[in-house]
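Engineer: Residues per chain are reported as follows:
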Amino acid sequence: MIRRLDLNPNISPCNPKHVHQLVEDQLSDEQADQLAQHLCHCDTCRHLLDSLQTTNDTWNETCTVILEEEHKQTSTQLTDVLLQHAERPRLSPTFARSVLEAPSLPKGESSETGDRFQKLATEKMLSWLKPYENEADETEEFLGKIDHYCIRRVLGHGGMGIVLDAWDPKLNRSIAIKTMHPHLAANGSARQRFVREARAAAAVVHANVVAIHSVNEDHYPPYLVMPLIQGETLQNRIDREGQLDIESALRIMSQVADGLAAAHAQGLIHRDIKPANILLESGTDRALLTDFGVVRALNDATMTASGMIPGTPEFMSPEQAAGEILDSRSDLFSLGSVLYTMLTGHSPFRSDSPLAIIRRVQQDTPKPLIHHRTDVDWAAQSLVDLMLCKARDQRVNSAQQVGQWCRELLAHRLHPSTVPLPAALQTQTARKPMGWSQLTIVLSVFLIGLALSAGALWWAEIDSSKQLAKPLNTTPSQSDSNESAPSSTTTEAPSPSSAREIEAEIESIERELQLLEQQLLTPKP
Amino acid sequence: MSPDTRPSLLLRIRNAADQLAWEEFLATYEPTLRRVLRSKGVQSADADELIQEVLLTVLRSIPTFQSNQRVGAFRRWIATILQTKLLDFRRRQKSREDRHLKLAQRSHPDDLWQVDSTTIEDLDKDLDLQLEHQIFFQATQAVRNMIHETTWLAFWKTEIEQKDAMIVAAELQLSVGQVYVSRSRVLAKLRKFVAERRANDEEVT
Ligand SMILES: [Zn+2]
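Chains B and C, in that order, give the protein sequences.
Going by numbering that gives the first Met the number 0, the first residue of the first sequence is number 0, and it counts up by one from there.
Going by numbering that gives the first Met the number 0, the first residue of the second sequence is number 0, and it counts up by one from there.
Hints are computed from structural coordinates only; laboratory data are not their basis.
Hints may be right or wrong, so weigh each one.
[As the list claims (entries may be wrong)] Here are some, though not all, of the chain B residues that point toward chain C, as calculated from beta-carbon distances under 10 Å: (1) D24; (2) Q25; (3) H37; (4) C44; (5) L48; (6) D49; (7) T57; (8) T61; (9) C62; (10) V64; (11) A184; (12) A185; (13) R190; (14) V194.
[To be verified] Ranges between beta-carbon positions, derived for each pair: (15) N144(C) <-> Q362(B): 51 to 59 Å; (16) L25(C) <-> W58(B): 21 to 29 Å; (17) V204(B) <-> A141(C): 49 to 57 Å; (18) D217(B) <-> S94(C): 38 to 46 Å; (19) S94(C) <-> Q362(B): 16 to 24 Å.
Quick reminder that beta carbons are idealized off the backbone N, C-alpha and C, glycines included.
Just chain B, same shape as in the assembly:
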């Protein structure tokens, strides 16, 4: 380095003092110009400068905040509203219906203003596209271009990015493009994560995983090219049809499990398995898993800046909710939640705040499937139980196994006399399937009737038993004193203060019933 400098008479000698003065902003303009010339050729001084300005995590976070605030200022409230919707937990089934994390507006709100808002928001989102010029006398109109791809329309968007329907004129085919919002792509580490995760996902080649044709990071913002799958998400289908028939559910589950097994074999964890990330191809029976880590990578980028849990945690595993280090078994829990959702029409851990959902994911046992439908067999319940095991070492341990069991269950349903149930799912429990389900129905009908007619008295009994069951070291809180109120007024009917409260109480009674059932049905040793 020094040798080369000596040989070139045009280059001034190193002056580390000037580098230090530059950092303190103490150079005159003339000195600064000289140093600029020197820095063009001298790696040593550039390294010195870099080392004097090393960035730490706090500064990186500051950069993210600056970008966020800058973006807020320049884009008025439009994007704020979009982001707000994306961050809101899913309240109605119609809400989570797009390919991305969340759509811009729930269906119910799409009034005329909603449409106008959508249009404005779309224009805003796509303002960075290259203008489309009709060069080849195409009959079709496009919104704009990204590199050589012609953009037809927006398929979905959320707080994190956009999915576009596009035309590839070189290969003469329709494709889907997934890109980051430019303001997020402006953050170097978010951009790098997006690209890194996308590359890893591109390595998974399987019929049940949406392929990634290419990852283009030279473009700003970076984007992925994927095949355009004609069809809908599993979330859409459940929103529309409610619970699926058991055969369809098992068919979808076995395919998704196979796709996931291929990813796990590559050492990849999906981290965000949920019905909105499972595509159902129309015209075929094919189910495809999408969004490997990519959307989660984007979420994490915004999460580090805001500390917020992105989207809904409904399909998280307990270890994920606790922020622990994940392995592939976390995906299997999420897959179990998906299976439960297909079989019942709704996710197993629901509540109206993300924190409450997280608590339920960590502590609650979802209601048995039999509560939601009478045509499930015990083996399906065993499978769900094995997947939704809170302790990961007791959980089913591979996606491959899940796929295998689903196929065996399906074969058994179609040919009960020739194909036996998987042994592991039979021996999982000592409870007898027939007696169990019949007894449950009888008991439920009887007890619910009793509960509804006996009203306050019944409630008071449950309540006082609950008081007794409480551990002694419980910190009393405001709500406890509220709860104990009914026991002192057993003869009075509960005042119907709100329909919501009554609904909540019925729900509580149902839960108590569930516990009772479990006690009754667990065979005595």
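Position chain C with the ligand against the provided structure of chain B, taking the given hints into account.
Structural biologist: Okay, now just chain C with the ligand, sitting in the frame of chain B:
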């Protein structure tokens, strides 16, 4: 106005007639509180309400605020107000949730409570960090107007957007050396602005 010659923000907002000071206080603390609350998992609609409550309390009780002359006393006082409001909010939220999850929650009745019992020290630290971010952001707004557009862009693209200096140099038709120098000069100005603002805002006498 040069930041080092004005009286401290605290003194100015104590003077009820100083509308500008109050606006400046809001511009700094409103986004700061919002980010702190977001990091505590408070959803945006709830955050709006809480921020209103905190700011109103500050406005009402600033005449009685007794400074102990220590650096950061003002921020800590705000952290105390925030903690009170946050606990109130959690209590309301908890009793609402309890009605829904009465039985499910029975085995671990005070888990959420523990998760959410945020200490004043904790909030003070969060406020400190988010204030730093916010003042840096305000610094970018101020410094941008003081310097040449190209100098600013060289800084913005390399430091904030973390693009490669070579690429930025080509984009802006500057030499790499000029990009390096521009970035360093802007960074120095930002740091100076932030240091002065923070020293000034924390001065309580
Ligand atoms: Zn040198």
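Engineer: Would you pick out the hints that fail for this structure and give their numbers low to high?
Structural biologist: 14, 18
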